[in-house]
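Engineer: Fit chain B to the given chain A structure using the hints.
Given next are the chains, with one letter for each unit.
Protein chains: 2
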Amino acid sequence: MTVSVTVLTDPRQPVTRREVVVAPGANILKSAHAAAIDITATCGGRGRCTSCRIKFIAGTPPPPTLGDEVQLGTDLVREGYRLACQCHPSEDATVQLAPPLQEEAFQILAASPGAARATGVVIDAGIAKQVVKVEIPHDEHRQTSDLEQLLAAIGREPDDVGPSVLTSLPAALRDDAGQVTVTTFGRRVLAVERGDTSLMKFGLAIDIGTTSVVTTLLELESGEQLAAVSSLNPQAVFGGDLMSRIAFAQFNPGNLRKLTTRILGLLNQHVAEVCREAGVLPKWIYKAVVVGNTCMHHLLLGIDPSYVGLAPYAPVMRQPLVLPARGLSLKIAPEARVCLLPLVAGFVGADAVAVGLATRIYAGAQVRIAVDIGTNGEVLLGSRERLWACSAPAGPAFEGAQIRHGMRGASGAIDRVTIDDDVHVHTIGETDALGICGSGLIDLIAGLLDARVIDPTGLIQVEARDDLPPRLGPRVIMRGEERQFIVLRPGEAGAMREIVLTQDDVRQVQLAKGAIASGVQMLVHVSGVPPADVAELMLAGGFGNYVSIPSAIRIGLIPALPGDRVRYVGNAASLGAQLCLLSEAERARAAEIAGRIEHVSLAAHPDFEQIFVDCMNFPPPR
Amino acid sequence: MTVSVTVLTDPRQPVTRREVVVAPGANILKSAHAAAIDITATCGGRGRCTSCRIKFIAGTPPPPTLGDEVQLGTDLVREGYRLACQCHPSEDATVQLAPPLQEEAFQILAASPGAARATGVVIDAGIAKQVVKVEIPHDEHRQTSDLEQLLAAIGREPDDVGPSVLTSLPAALRDDAGQVTVTTFGRRVLAVERGDTSLMKFGLAIDIGTTSVVTTLLELESGEQLAAVSSLNPQAVFGGDLMSRIAFAQFNPGNLRKLTTRILGLLNQHVAEVCREAGVLPKWIYKAVVVGNTCMHHLLLGIDPSYVGLAPYAPVMRQPLVLPARGLSLKIAPEARVCLLPLVAGFVGADAVAVGLATRIYAGAQVRIAVDIGTNGEVLLGSRERLWACSAPAGPAFEGAQIRHGMRGASGAIDRVTIDDDVHVHTIGETDALGICGSGLIDLIAGLLDARVIDPTGLIQVEARDDLPPRLGPRVIMRGEERQFIVLRPGEAGAMREIVLTQDDVRQVQLAKGAIASGVQMLVHVSGVPPADVAELMLAGGFGNYVSIPSAIRIGLIPALPGDRVRYVGNAASLGAQLCLLSEAERARAAEIAGRIEHVSLAAHPDFEQIFVDCMNFPPPR
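Protein chains in written order, with the numbering used here: chain A, 4 to 625; chain B, 4 to 625.
Calculated directly from the structure, the hints in this document are not laboratory data. Among the hints, erroneous ones may be present.
If several chains are the same, the list does not tell them apart, and a pair holds so long as it fits within one copy or across any two.
[Said to hold, decoys possible] Straight-line Cα separation of at most 30 angstroms, DSBU-like style, residue types lysine-lysine; simulated pairs:
#, residue 1, residue 2
1, K286, K58
2, K33, K261
3, K58, K33
4, K334, K58
5, K286, K136
6, K58, K261
As the structure is a computational prediction, the values presented were derived from the model and not from experiment.
Extracted from the complex, chain A is given alone in its bound form:
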């Protein structure tokens, strides 16, 4: 039976009440997506997280599914919550979407300003501006054209000028008595502007992550960072991790187009925002460098990623690309060059190449490791001799997804935890606690390991709770079949509800940290470098820079190197994009690095399974 569901959406959206027709057999999530209502489905609608939860306001909620019970728990189910992806309503109803997070408070680490200066790079973005006087045609007997007059003034060939430059040419030549500014990239004429605009020369570094997108506006002569903006990747509503997103697009050109449109729409929003903030016109942006993993790269270009998600996980292409902005409908100068850095493999993309470039890992005499922690992380290991890389798909657990009371690093998230004889928390924005984010989760588990609330296999020690300090013991409980640790009771740290860590949450963290740790282990193993010879481990990525290094070592996310050999290197992928934006020599180097990287395919390696199982466990107590 077809039923009609009224969806009450986020009040910040233009229409807050929408009718959705749910056909027989369809669930509310799919029906809402078909009606262009965004309901976040981090797990891709597979009943494995709580992001698509809805609350029935009117109408009887259908009987809870197993997914509802496991993910939401009995209390929420009783209050009328259901997972939209599991929910097949049998009568008309009104439902309320889960309230959105305060994304404006979302913690993003921008690459450090003065990137080029810090690394001693000579700035040469490849964009040149030249002010010339063009003789405007004035004699009917002389056979010429505006373009020929321009080319004579700048010494170029007709083929160097794209048709979109021609559209503005006649007015530009005549507006200021023939004085124009000609912008070039190599031989290519990118723009002809009236008068002298030689001081206006800007570029974008764009880092498209599975979860976050960071866009930085730089001045191309000084390398100065003028503005940066960061957002959630809007594709995430169709799947939080790469595999769910590929599954969404797989053999479905309509969904593929949806993903491409979403990311392009966001990039154009970013352009508008950074331009407004810096007082720059979009037409003065002549170059953009884009980094992202292979799937993000393919989706941006509208390339079918179906086979990237199937063994042997081959990308459709790998070489660096330089495209005109008009081809991507990116609203900067139409002929601006959009440079996509090269890819290495299906799950080691341009972001890994950019991390390699920014960390200079390829140039060192000593062996170093770079770990880019993210939903789809990568690990690099090497020196100037050789360079290896593998993917480390942690999934979105460190972003708070698939964690009972997990949340992103937004206002109200518990981001620091210490445990002595009780639990002490810090929240982002120092406001009332709403949930727990990745860095808090790692601190929490590290503390619980030290307090022996969790054993090295990850089991919550309900049976031994009486041996714990008196304020800690009662927090360890068994509810039905489920082991839980009560992080906050209602009222503690301003929490409106109980915030718990479940046994399954611990398993999710084990899977996530196991993915990264086993990536590091595999590269150490394949390269044959003795762990003691690793000179440095660099933590990169937005999340990597909020993690407590001792906690990360305690839970075995990274190997137990002496503290002074581990350091944060910021958002290295974005930094690498900025280097390529400011220097053509660096962009050429990125292609070299991509050619040098030896990809280690984890799943296909015979030793991987054992390494992964070992890495799932936590290190024993000290």
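Structural biologist: Chain B alone, transformed into the frame defined by chain A:
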């Protein structure tokens, strides 16, 4: 005062009744255009033709303007007709648009089939198809990509492949066990299709005239013409001749975009039609050659033609272009090459180059003349020694515009007239006479010259009508201040109304034929070729091929060469486009010809005025 006008449009349109708000000072034409209602305005809304006439059905028509009186005549004005471009209504009203012509019966001369065969051209369109077996990536340890596997199979570089080919690559490679057909143009890979599609190789020749657009679909191996379609240029509603169209776009980017969108929309309709007719998929069209005058060329590309319409009438660019179809949003293979032939000057465009190519005028030992009669005609004169060209802007009079009872060569148009002791007419489709088209007009005036109804200065001899044969004399009348010749009385040849030739109509024909004749004269004059040495005059263009050669000579449209030295050469511009489509050598030759043509600027030449005045007169009686 703002008034509301209900417009009853052509019943074939989806909405036949539209409300238009007419602001104070605005006329109905502009207000209707602003509301996206197409009212044809051949003269560009200057009150110089009758194409925008409307009839008041309800509400009082405003007092007639001088333009209404002159163009429509007293009878129509009394019946409630007005020119929309002159009409400022003072109260709400309902008006009916003039009924459209039966365009399906519109006479268009398609280029003769077997173009390449007739001229002995070796077919080599430059499009190659190759069936290859591509090894699909199957080993995770081997670092490769779909594209690299393809390139290995065909021996090309990554830069040879555009991003739009990549989007379809993964599915194409895997659908037929790696067997794909790769289409190339030079080094460029245009398409990768699954399986063997090597027999599917098509191209388009597109001739964009000021008034008509002709699209021809050819098979690229045999050169066979599979389908052809012809339409009015939909830009004509914004101005019938080039100058009114440039004026519409001048310094008005919105109007420029409107013109560009109109022509692209029509071309995509043409693609759909020829593909349907021939049973060909648009994705199998890999090459298109476009010819058109400079203004049509610029408008197609969205290039501002403002300065093409101002002295010294310089084009924005002149060189040949090769663009991907996706850049023009032309719905054929996205990477198909769209080749625009080169231009010579602001009013001598790619169509003139194509005429030069198709007529082989550049190769002959003897001097020949090619006249392409059209709204914006061109004249070429020369041999293998030298080659001159000039524009001959006849305007749309030969298309029936700005002629009291003029019409296009559609069903019901008088296309042949003979005069002995009375008037005898033939109509297109042999149906009831509705009006008179260009070829009929030329016959009519030739006959009236021989019958001495019109004297060599063009004056209708009302005073001498009593000397005429008894059935002819009464047709020559004076109505008010206006001299007229009654071609048909109501009922004659099925005419529903009187069809007359006015003194002003004769003047319009004098201007049109004067433009062409003076173009020919100027080239003869500038080249210094004695008229007797002209070996041949070739009449080209859709209209040129319907004109009676004796009548054309009689009115002085073309010089009085012996009949066997004048011949029809069909739609030479379209034929030239077809040659370039089928042969890359011919396309290269077109660029050579464009470089050789010496442009003669009429308006700037000191002798032109006298020549033009002389050419306005008709040759004296024989």
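Engineer: Are the hints correct? Go through all of them and say.
Structural biologist: Now for the hints, and whether the structure bears them out:
1. K286 / K58: Answer is neither: 46 angstroms inside a copy and 49 angstroms across each miss the 30 angstroms cutoff.
2. K33 / K261: within (14 angstroms within a copy, 39 angstroms between copies)
3. K58 / K33: within (17 angstroms within a copy, 54 angstroms between copies)
4. K334 / K58: Classified as neither: same-chain Cα gap 39 angstroms, cross-chain 47 angstroms, threshold 30 angstroms.
5. K286 / K136: within (21 angstroms within a copy, 45 angstroms between copies)
6. K58 / K261: within (27 angstroms within a copy, 49 angstroms between copies)
Consistency with the previously given hints fails for numbers 1 and 4, ordered from lowest to highest.
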